[in-house]
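Undergrad: The chain contents come next:
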Amino acid sequence: MKILGIDASGPMLAVGLVLDQMVAADFMWIRPRTAGSHLVPWIEQIVNEFGRPDAIACGIGPGSFTGVRIAVTAAKALAYAWNIPVKGVSSLQAWAMQIPLGHRALITTELRGSAFYAGYYQAARPQPTPLMPDMAVNGSLPDAFPSDTALYVVGPLSETSAGLGMAGPLARPLTIALLGSSVALLAQTALIEGHSDTAETLAPFYGRPPAITVATPGTE
Amino acid sequence: MRVLGIESSCDETAAAVVENGDRLLSTMLASSAAIHAQYGGVVPEVAAREHTMAILPVVKGVLAQAHLAMQDIDAVAVTEGPGLLGALLVGVTFGKALALGLNIPIVGVHHLEAHLYANALVEPLRFPALGLLVSGGHTTLVLWEDHGQLKVLGETRDDAAGEAFDKGARALGLCYPGGPEIERLASSVPQTALSLPVAHLGSQTLDFSFSGVKTATVELARREPHRKAEIAKALQIAVVTALARNVGRALDQYPAHDLYLAGGVTANQCLRERMQQIALEKGVAVHFPPRQYCTDNAAMVASLGYYKLIKGVRLPYNASPRVNYPLGT
Ligand SMILES: Nc1ncnc2c1ncn2[C@@H]1O[C@H](COP(=O)(O)OP(=O)(O)OP(=O)(O)O)[C@@H](O)[C@H]1O
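Heads up: the sequence lines are chains V and W, in that order.
Each residue of the first sequence is one higher than the one before, starting from 10 at the first, in the numbering used here.
Each residue of the second sequence is one higher than the one before, starting from 31 at the first, in the numbering used here.
Keep in mind the hints are simulated off the structure, nothing from the lab.
None of the values given here were measured: they were computed from a predicted structure.
For each residue, glycine too, the CB sits at the ideal point set by N, CA and C.
Mixed in with the good hints there might be a few duds.
[To be verified] What follows is a set of in silico ranges between Cβ atoms, one per label pair, in the way DEER data are often shown: (1) W:VAL72 / V:GLU209: 19 to 27 Å; (2) V:GLY148 / W:GLN68: 27 to 35 Å; (3) V:GLY122 / W:ALA67: 29 to 37 Å.
Starting from the given sequences, assemble the full structure and let the hints guide the process.
TA: Spelled out as structure tokens, the structure:
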């Protein structure tokens, strides 16, 4: 099975192709907010090289609202045009595919002020196990988050000591990439077993409502 | 050539199929206006989210309505701008990916230029012409020499004509959009002794200004709270007079034989009658789009797209939306 994997939710834009469980191509660029211009040309390049895929895997977030939307919108149009299955997966879980086996990692993305998105994963094959659901964080991690465990921190929270400190004294930074092939491999089982989404139902996971729709405390 | 048009510049997700630029096969629209109404204006993030989930059902719906398979589409035309970035990105990304997937060409179009092409769905356009775009966000007079050749002759320096109706309506306690409400109320009185000012920007200019009439309407509504229908009438007269004056001036200055109107305000009957009168006086033909294509739709996008496609214009896959996109560039 030839699976195209795409993600634009985080600090990188990623497009990859997995051919019968083997990585055939991975395009990745650490330049956020460029998905609008680069996603479709990269897919075109991969299609020209390897032909039309049999299925599409798409990171649905959480992360940049706009980035997530671009990936989901492109996935919808392509799945429809090619009449192939599409599967949405957690962008954070896809990122966690690169955690070294035997380790845990707090995957973070879209840090703005003290707000970000986080997922906590245990490395495992064929896919990382979520230790808590992906969530929007405002200022501090949930109480249930273990601050006394050795773990890696991935993403923008790992870039400052204050950020690392939030994840506990045993937190260490880990530099791994969110790859298109990881998105494809993560979706592979569901696609092979026929548990895909449809082009219509594929939906972003934003993790937060649009700012204006949230009543500020005290205004009601 | 069958062109699939896609429009997502504001709060409406629209698709249409038009053959050879003039034969409308089907058109469909999903609006998130009711959601925005709760917040008192279009919320960009909400609009973008709604577009994301609406675009595929609308595109599939428009093909089903025309009994077409996606393979029957020869090209895609999409609104490139101006508009809200997040909203435009959905249409542009969907259009590019669909064009890649179906291996057909794609072209980007200007939203306001497209409004004028609502006229092409009625009969072939004739050039050189004068175009008047009057909507909730724009009031623009153009010299339209040929497909793709537009020159802006005048624009509003502040509020748009539709905005004057909308804000005037609010001052009179009417609901949004105000244009149709003002028209209904105005037609309930035969005439009025009240008058509202028409801005004078100089005898040469073709520009417009509607902020003065808006302020005066608010004033008058406060002073004469029981003469709402007359105020509506006076407002309609003032706006239409301002539009008619500049159209008359432009027809004297430029060699146009046809006058094309476009945009939501074109639905106004008083405006239509006044334009017909000027056209008669100046010896030109005036054209109005069918009322349902005066407001945002994708039929106009597909029509303009056709004329650009046959000239060889294409949207590259790396193109981003043009949030600020001056007309005629
Ligand atoms: N019968 C009418 N008389 C006067 N104005 C009208 C009438 N019907 C609609 N309008 C006005 O038309 C405007 C809406 O038109 P349209 O949908 O073309 O514009 P828009 O989408 O708000 O703006 P734009 O296309 O410039 O971004 C509103 O201001 C509305 O009040």
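Undergrad: Just pull the numbers of the violated hints for me, sorted ascending.
TA: No hint contradicted; all consistent.
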